[in-house]
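Starting from the structure of chain A, add chain X where the hints point.
Chains as they are written, first to last, in the numbering used here: chain A, 37 to 263; chain X, 25 to 441.
Derived from the structure by calculation, the hints contain no laboratory data. Each residue gets a CB set at the ideal place from its N, CA and C atoms; glycine is no exception. Certain hints may be false.
A few chain A residues that face chain X, going by a derived Cβ cut-off under 10 angstroms, partial list only [unchecked claim]: (1) 95; (2) 105; (3) 128; (4) 136; (5) 145; (6) 192.
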Amino acid sequence: MAGVEYQWPGKQNFSISIERFAIEPGERVLLLGESGSGKSTLLSLICGIILPDSGTISIGQTSLNDLSPTERDRFRAENIGVIFQMFNLLPNVTPLDNVLLPLHFAPARKARLDEPAREAALSIMQKLGLPLDAMIGSPSSRLSVGQQQRVAVARALIGQPSLIIADEPTSALDEKSQSSFMQLLFEQLATAGSTLLMVSHDASLASRFSRTVSMSDIAETRQMVLA
Amino acid sequence: MILFRVAMRSLLSRRITVALTIFTIALSIALLFGVDKTRVGARTSFADTISDTDLIFGARSGGVQLLLYSVFRIGNATNNVSWQSYQEIVDRPEVEWAVPISLGDSHRGYRVMGTTSEYFDRYRYRGGRQLEFAQGGPFTDLFDAVIGADVARALDYNIGDDIIVAHGLASFSAHDDHPFKVAGILEKTGTPVDRTVIVSLEAIEAIHVDWQGGAQILGQSTSADVLRQMKLTPKAITAAMLGVNSKLQIFQLQRAINEYRNEPLLAILPGVALQELWEIVGVAETALAAVSAMVVFTALIGMMAMIFSGLNERRREMAILRSIGARPTTVFTLLMMEAAAMTLAGIILGIAILYTILWIVRPIIDARFGLYLPLEALDLREWKLLGVIAVTGTLVSIAPAIRAYRLSLADGMSVRM
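So here's chain A without its partners, still in its complex pose (with noise of 0.2 angstroms):
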């Protein structure tokens, strides 16, 4: 990201501006930040969601201001896989289908399984210590934090996306649940070898990166209090 302002529409009251912000492949970076610094808007900016009011974001060779809002979605679904701090699944769709649901808007993701997308989809999610008969059948409301922790995790990763943008996914669990998820998180991004981008205001994890950035570091931002 190089020299990127953007101010949300309809929204004077806050921006944020980025000099510059570059992550190497295969780099693991954590981004610490307090709540209302911009991590959002940085990650929906990064995603190509929102585009800036100036200055360029370019991932890998590709800039994202150069390609079109169809362009972009597929860019988005084809090479960046993302984890939730609720992990955001659609409730109401069993766990196979959200695992699936990428593949469906990206078809380059999909070309680089080296099996079929449903038996990929269940092998990863096997890997990753999911009971199948529960994958299936039910609504994914009904599995428990670990699991739908496990299942964002395979929604991420199938297809091996280039970069995995995790938004504090560890936030609402205990220690050992989050030593446990970030143990996990790494051997698949091992496996995939996918570059790793997670924002966290817990500048504990940091020891488990190759790199921490803080938001006050890279951005700008400014908020004005409306009376």
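Below, chain X alone, put in the same frame as chain A:
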């Protein structure tokens, strides 16, 4: 396919609201098609009531009125036709056959019609079908009566049972000194004949021999045997059905009757009078159909409101879809798919409700109102109408789908409420 599963799962998660919406659409469709089937059934029943009769004539009134009282037993004649005029008309060279009818009396709410035995040969319905007897036969004695299928069933009459004819349609005076005997029971026809008691013209004269000014002359009662010996030529009839020798002569005979000088008469072609009736009824039919169509439209608008109201709660779902690569158009398609599925379910349920209700109420309506509602498969016109509803149901979701599209653009990967 996976998107379809997502849409269905999403609908399932809101099953109560969705079920109520589908039920509302289903009821409105059942109502729309119920009204239409009743309309078509009524038209068919009316159109099938009389065939192969070239002209009907009676005292001058309106053409529709003459048709209604002479064929459908609805309403009353304004005047009678004298027997002399009737004779002069049927003696005309154009007339091949004539069947006089005399109305005015009743039996337990059913019209009593005086006519000749030729009525059973000449009266045709449903494209030329002839009356058939389920039991017994035409009248052979002066006090024989032939009853329609509904009369027999409703009053549990059998051959040989006595029938007391009441004077007029809503009178407490009865011709109880001259009971009739059931000589024949007709097969069901689906026409007003089913609800008619048919006696001979002479019998109508006979039961009124001792009557004057609408009341029986005190102390006077001529015995049945004496009546059987009397020459009972009617003084007047209510109307007559005519057949002509050649179809080319119909209008000639009609003009001659309408210009008859001795008394004011009116001759009508049943088909033309029926057409006039449709023109009158058509306005009410159109209004009823319009109200039913509005009910369907209101149900579809209700569905749109339901989708709209759920959008805010579903912003998170849309944001998740966007984050895993769904385009805003996918969100749009998803909502359209849900609306189409709800409309389709409403249509299927509605048609099921319609046919179930038809199956249950058909015999009741037939018995009560003489309206035969056929239990037939949907025709091409009805399939087209269902197609229009399905498309409209999908199209009404465009507004919430556009809203969802815009929300998904604005929210990006995070829901900002």
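Hints versus structure:
no., hint, result
1, 95, "violated, 14 angstroms"
2, 105, "holds, 8 angstroms"
3, 128, "holds, 4 angstroms"
4, 136, "holds, 6 angstroms"
5, 145, "holds, 8 angstroms"
6, 192, "holds, 9 angstroms"
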